[in-house]
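Participant: Quick note, the sequences are listed as chains C and S, same order. Counting from 1, one number per residue, gives the positions in the first sequence under the numbering used here. Counting from 156, one number per residue, gives the positions in the second sequence under the numbering used here.
Derived from the structure by calculation, the hints contain no laboratory data. We treat Cβ as the ideally placed atom computed from N, Cα and C, and that holds for glycine. Just so you know, not all the hints are guaranteed correct.
As the list claims (entries may be wrong) - Simulated restraints on C-beta separations:
| id | chain 1 | residue 1 | chain 2 | residue 2 | range |
| --- | --- | --- | --- | --- | --- |
| 1 | S | Asp-222 | C | Asp-93 | 50 to 58 Å |
| 2 | C | Cys-99 | S | Ala-177 | 48 to 56 Å |
| 3 | C | Cys-99 | S | Met-156 | 21 to 29 Å |
| 4 | C | Cys-99 | S | Ala-174 | 46 to 54 Å |
| 5 | C | Val-13 | S | Gly-359 | 56 to 64 Å |
| 6 | C | Gly-31 | S | Ile-157 | 18 to 26 Å |
| 7 | C | Arg-92 | S | Ala-389 | 47 to 55 Å |
| 8 | C | Glu-17 | S | Arg-342 | 32 to 40 Å |
| 9 | C | Arg-92 | S | Asp-181 | 33 to 41 Å |
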Amino acid sequence: MEISVTVNGATSVTDVEPRTLLVYYLREELGLTGTNVGCDTSSCGACTVHVNGESVKSCTMLAVQADGQEVATIEGLAPSADQLHPMQESFRDHHGLQCGYCTPGMVMAACSLLEENSAPTEAEVREGLEGNLCRCTGYHNIVKAVLACSGQDVS
Amino acid sequence: MIPAAFDYKRAGSSEEAVALIAEYGDEAKLLAGGHSLIPMMKLRLAVPTVLVDIGQVGDLSYIDDRDDHVAIGALATHRSLETSELLLSQCPILAHVASKVGDPQVRHRGTIGGSLAHADPASDLPAAMLALGGSLIAQGPAGEREIQGSEFFTGYFESALTDEEMVTEIRVPKAPGDSWNYQKFNRRAQDWAIVGVAAVQVEGATRVSLVNMGSTPLRADAVEAALAGGASSAEAAEQAAEGTDAPTDLNASPEYRAHLARVLTRRALDAAGIS
Chain C
1 MEISVTVNGA TSVTDVEPRT LLVYYLREEL GLTGTNVGCD TSSCGACTVH VNGESVKSCT
61 MLAVQADGQE VATIEGLAPS ADQLHPMQES FRDHHGLQCG YCTPGMVMAA CSLLEENSAP
121 TEAEVREGLE GNLCRCTGYH NIVKAVLACS GQDVS
Chain S
156 MIPAAFDYKR AGSSEEAVAL IAEYGDEAKL LAGGHSLIPM MKLRLAVPTV LVDIGQVGDL
216 SYIDDRDDHV AIGALATHRS LETSELLLSQ CPILAHVASK VGDPQVRHRG TIGGSLAHAD
276 PASDLPAAML ALGGSLIAQG PAGEREIQGS EFFTGYFESA LTDEEMVTEI RVPKAPGDSW
336 NYQKFNRRAQ DWAIVGVAAV QVEGATRVSL VNMGSTPLRA DAVEAALAGG ASSAEAAEQA
396 AEGTDAPTDL NASPEYRAHL ARVLTRRALD AAGIS
């Protein structure tokens, strides 16, 4: 089936099998491999992208469901090749990553969280990221990075 | 994991969706947000040969004030329930229970109609629906009918919907105020409830429902009867496992679930100020 999806501002028209999951469409059709597949069971959140501005798990959505929609991936976040998005900058400043596998999903989930709640409490950040697992268990610094990105003092 | 191949049909309206599922019969499944169905298709526990996508039917996402009740379009997402000003003021238990489903990503896509039609006895929203004494509107080839929540859940992942019907609307009576509570007991934040208990005062009575204590979500009839007869919350809660048939799995034995039901019912009644 032919679908037209706008990913990071660019519209692509692609013929996909209906059973193609959004994450494989992004990775294999469009070559956007920044979005990772972790658990593949809607638990870990490594595959988190935005659909129409809201975080979703792209392993639990069919590409055909994204037909006509706006998708944003980690590749589309930074304003330019030599400048990071403030959330990425904050993850770097606060050591919000170790192995880095969960990081694209964490960053996308965190951006969606701040879009809905611009000044969350620490508890709200922890709850807001409950759909994302970090197997290095680096949650403490991830939470710190998100709080700092929202303009709150974490010193 | 990739689902088995299927034919994909996209419905532009509920009428078109009903016509499509009537045409393909029990080989077809309706796809709303997909957050119950797609995981089952990936595990090949569900292998529909035709998917009828209703996700882009535009006029089924409303949450409307209808005097004595709130009417909710079947495609309203958990997120929209959780943040609805109308529900927060007139039916806060439903907004709260919606906020306990899965995680934010799941709540952005999952829909109330999809969750209820899926009829998972461990799901949160069916329990809220039962406790509130709500009803569902099903649309079929012959038109619409209203199904009471108490008659909707007929078995393990089975509902009163026929193969040719879809849920279009959910109606819940207004239950404003603070006399409600939902206790969800699980090991990990985003999990299903090992046991859940919803308690709410609505239409002059206390209603209590149980999650994951049988093959369907259940009303705790014995607790309600005890409360109506003047029992204290602690006395009434002792009846919480009466008439249930709790499942066994890696998380809990039936005996442990019965214990949880009693403890959580007491906590829910006390937190709701019902005694």
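Participant: Between Gly-31 (chain C) and Ile-157 (chain S), does the C-beta distance stay in 18 to 26 Å?
Facilitator: 19 Å, holds
Participant: Starting from the hint 56 to 64 Å, judge whether the C-beta atoms of Val-13 (chain C) and Gly-359 (chain S) obey it.
Facilitator: Given about 58 Å between the Cβ atoms, the range holds.
Participant: Taking the CB of Cys-99 (chain C) and the CB of Ala-177 (chain S), does the distance hold inside 48 to 56 Å?
Facilitator: Check passed, 51 Å falls within 48 to 56 Å.
Participant: For the hint 47 to 55 Å, verify it against the beta carbon of Arg-92 (chain C) and that of Ala-389 (chain S).
Facilitator: The hinted range 47 to 55 Å holds for Arg-92 (chain C) and Ala-389 (chain S), with Cβ atoms some 54 Å apart.
Participant: Does the hinted range 46 to 54 Å hold for Cys-99 (chain C) and Ala-174 (chain S) at CB?
Facilitator: Hint holds: Cβ distance 50 Å, inside 46 to 54 Å.
Participant: Quick one: are Cys-99 (chain C) and Met-156 (chain S) within 21 to 29 Å, going by C-beta?
Facilitator: Holds - the Cβ-Cβ distance for Cys-99 (chain C) and Met-156 (chain S), about 23 Å, lies within 21 to 29 Å.
Participant: 32 to 40 Å was suggested as the range; check whether the CB atoms of Glu-17 (chain C) and Arg-342 (chain S) agree with it.
Facilitator: 37 Å, holds
Participant: Could you check the hint for me, namely that Asp-222 (chain S) and Asp-93 (chain C) are 50 to 58 Å apart, CB to CB?
Facilitator: At 54 Å between Cβs, range holds.
Participant: Quick one: are Arg-92 (chain C) and Asp-181 (chain S) within 33 to 41 Å, going by C-beta?
Facilitator: Cβ of Arg-92 (chain C) to Cβ of Asp-181 (chain S): about 53 Å, so the range 33 to 41 Å is violated.
Checked against the numbered hints above, the structure breaks only hint 9 and satisfies the rest.
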